[in-house]
Amino acid sequence: GNSVTQMEGPVTLSEEAFLTINCTYTATGYPSLFWYVQYPGEGLQLLLKATKADDKGSNKGFEATYRKETTSFHLEKGSVQVSDSAVYFCALVPGGYNKLIFGAGTRLAVHP
Amino acid sequence: EAQVTQNPRYLITVTGKKLTVTCSQNMNHEYMSWYRQDPGLGLRQIYYSMNVEVTDKGDVPEGYKVSRKEKRNFPLILESPSPNQTSLYFCASILQGEETQYFGPGTRLLVL
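Those protein sequence lines, which keep their order, are chains L and U.
Read left to right, the first sequence gives residues 7 to 118 (our numbering).
Read left to right, the second sequence gives residues 82 to 193 (our numbering).
Worth flagging that the hints you see were computed from the coordinates, not collected in a lab.
Predicted model only: the values in this text are computed from it and were never measured.
Heads up, the beta-carbon is just placed ideally off N, CA and C, and yes, glycines get one too.
Take these hints with a grain of salt, some might be off.
What the hints assert, rightly or not - Some chain U residues near chain L, calculated using beta-carbon distances under 7 Å: (1) PRO89; (2) GLY97; (3) THR101; (4) GLU111; (5) LEU124; (6) PRO142; (7) TYR145; (8) ASN154; (9) PRO156; (10) ILE158; (11) GLY178; (12) GLN182; (13) PHE184.
To be verified - A few chain U positions that, by computed beta-carbon distances, are all more than 12 Å from chain L: (14) GLN87; (15) LEU92; (16) THR96; (17) THR103; (18) ASN109; (19) LEU122; (20) ARG125; (21) VAL133; (22) ASP140; (23) GLY144; (24) LYS150; (25) LYS152; (26) THR167; (27) LEU169; (28) ARG189.
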């Protein structure tokens, strides 16, 4: 079956620290991979995506590389800001379907 | 502005009292979906609709109904709400052939 596993949070960092949130997946076929972000009190917004192996998605200083050999899509940012505090969801869309399958979410708290 | 809207944003109700959460999108998207978000479980799909008059069950459909009489609207109906349906609900839409889903702001439901 299809599933997504994320590292458990919360992740607490100081401003300007390096961020990694691990995400691994199980999927049949060739899924597309996504990171969504949920700021407090808001809905989910697409942060970045990658549609095939070795693609790198990037946005707002965040990056993630689609690694088929390790079935991973880890989210990274070189220098986090307080405004990055949010819940981050890794997700996949199995090839040929519109359904998003989400990980449990990782809460990030960045302190000044 | 392209958006998905949901109403109400917050709702407190009692067991057994029928309720409807509305969802509307202005992007002419064919595909719409409902998810519920619970701590530690991420988002799980309740129902989806490929187009007008075409709906199908997602992963957790028990206790919910939907209808799709118009392309823009996809209401979620709880005929007899129970406390285990207390959750945060998101509607999403997607253009057929695309993979990025657009989410509404969420409806927080408390069933007493």
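A quick look at each hint next to the structure:
1. Interface restraint check: PRO89 (chain U) against chain L, minimum CB-CB distance 14 Å, threshold 7 Å, status violated.
2. Checking GLY97 (chain U) against chain L: minimum C-beta separation of about 29 Å lies over 7 Å; hint violated.
3. For THR101 (chain U), the interface hint is violated, the least distance from its beta-carbon to any beta-carbon of chain L being 19 Å, above 7 Å.
4. Evaluation of the GLU111 (chain U) hint against chain L yields a violated restraint, the C-beta minimum of about 9 Å exceeding 7 Å.
5. Using the Cβ-Cβ criterion of 7 Å, the hint placing LEU124 (chain U) at the interface with chain L is satisfied: the shortest such distance is roughly 4 Å.
6. For the restraint placing PRO142 (chain U) at the interface with chain L, the shortest Cβ-Cβ distance is roughly 13 Å, beyond the 7 Å limit, so the hint is violated.
7. Because the smallest distance between the Cβ of TYR145 (chain U) and any Cβ of chain L comes to about 16 Å, over 7 Å, the interface hint for this residue is violated.
8. About 18 Å separates the beta-carbon of ASN154 (chain U) from the nearest beta-carbon of chain L, more than 7 Å, and the hint is not met.
9. For the restraint placing PRO156 (chain U) at the interface with chain L, the shortest Cβ-Cβ distance is roughly 17 Å, beyond the 7 Å limit, so the hint is violated.
10. With its C-beta approaching chain L no nearer than about 21 Å, ILE158 (chain U) sits outside the 7 Å limit, and its interface hint is violated.
11. A hinted interface residue such as GLY178 (chain U) counts as satisfied when its beta carbon comes closer than 7 Å to some beta carbon of chain L; here the least separation is about 9 Å, so the hint is violated.
12. Restraint check, GLN182 (chain U) versus chain L: the minimum CB separation of about 6 Å is within 7 Å; hint holds.
13. Because the closest C-beta pair between PHE184 (chain U) and chain L is about 4 Å apart, less than 7 Å, the hint holds.
14. Consistency note on GLN87 (chain U): stated as away from chain L, yet its beta-carbon is not over 12 Å from all of that chain's, at 8 Å minimum.
15. The claim that LEU92 (chain U) is not at the interface with chain L holds, since no C-beta of that chain comes within 12 Å of its own (minimum 16 Å).
16. No beta-carbon of chain L comes within 12 Å of the beta-carbon of THR96 (chain U); the shortest separation is about 27 Å.
17. Every C-beta of chain L lies more than 12 Å from that of THR103 (chain U), the closest at about 15 Å, which supports listing it as non-interface.
18. The beta carbon of ASN109 (chain U) is kept farther than 12 Å from every beta carbon of chain L, the shortest such distance being approximately 16 Å.
19. The claim that LEU122 (chain U) is not at the interface with chain L is violated, since a C-beta of that chain comes within 12 Å of its own (minimum 6 Å).
20. A beta-carbon of chain L comes within 12 Å of the beta-carbon of ARG125 (chain U); the shortest separation is about 8 Å.
21. VAL133 (chain U), annotated as away from the interface, keeps every beta carbon of chain L farther than 12 Å; the closest lies near 16 Å.
22. A beta-carbon of chain L comes within 12 Å of the beta-carbon of ASP140 (chain U); the shortest separation is about 9 Å.
23. Consistency note on GLY144 (chain U): stated as away from chain L, and its beta-carbon is indeed over 12 Å from all of that chain's, at 20 Å minimum.
24. With a least beta-carbon separation of about 20 Å from chain L, LYS150 (chain U) lies farther than 12 Å from that chain, consistent with its non-interface assignment.
25. Every CB of chain L lies more than 12 Å from the CB of LYS152 (chain U), the least distance being 15 Å, so the non-interface label holds.
26. With a least beta-carbon separation of about 18 Å from chain L, THR167 (chain U) lies farther than 12 Å from that chain, consistent with its non-interface assignment.
27. The claim that LEU169 (chain U) is not at the interface with chain L is violated, since a C-beta of that chain comes within 12 Å of its own (minimum 10 Å).
28. Annotated as non-interface, ARG189 (chain U) brings its C-beta within 12 Å of a C-beta of chain L; the closest such distance is 10 Å.
Comparing the model with each numbered hint stated earlier shows that hints 1, 2, 3, 4, 6, 7, 8, 9, 10, 11, 14, 19, 20, 22, 27 and 28 do not hold.
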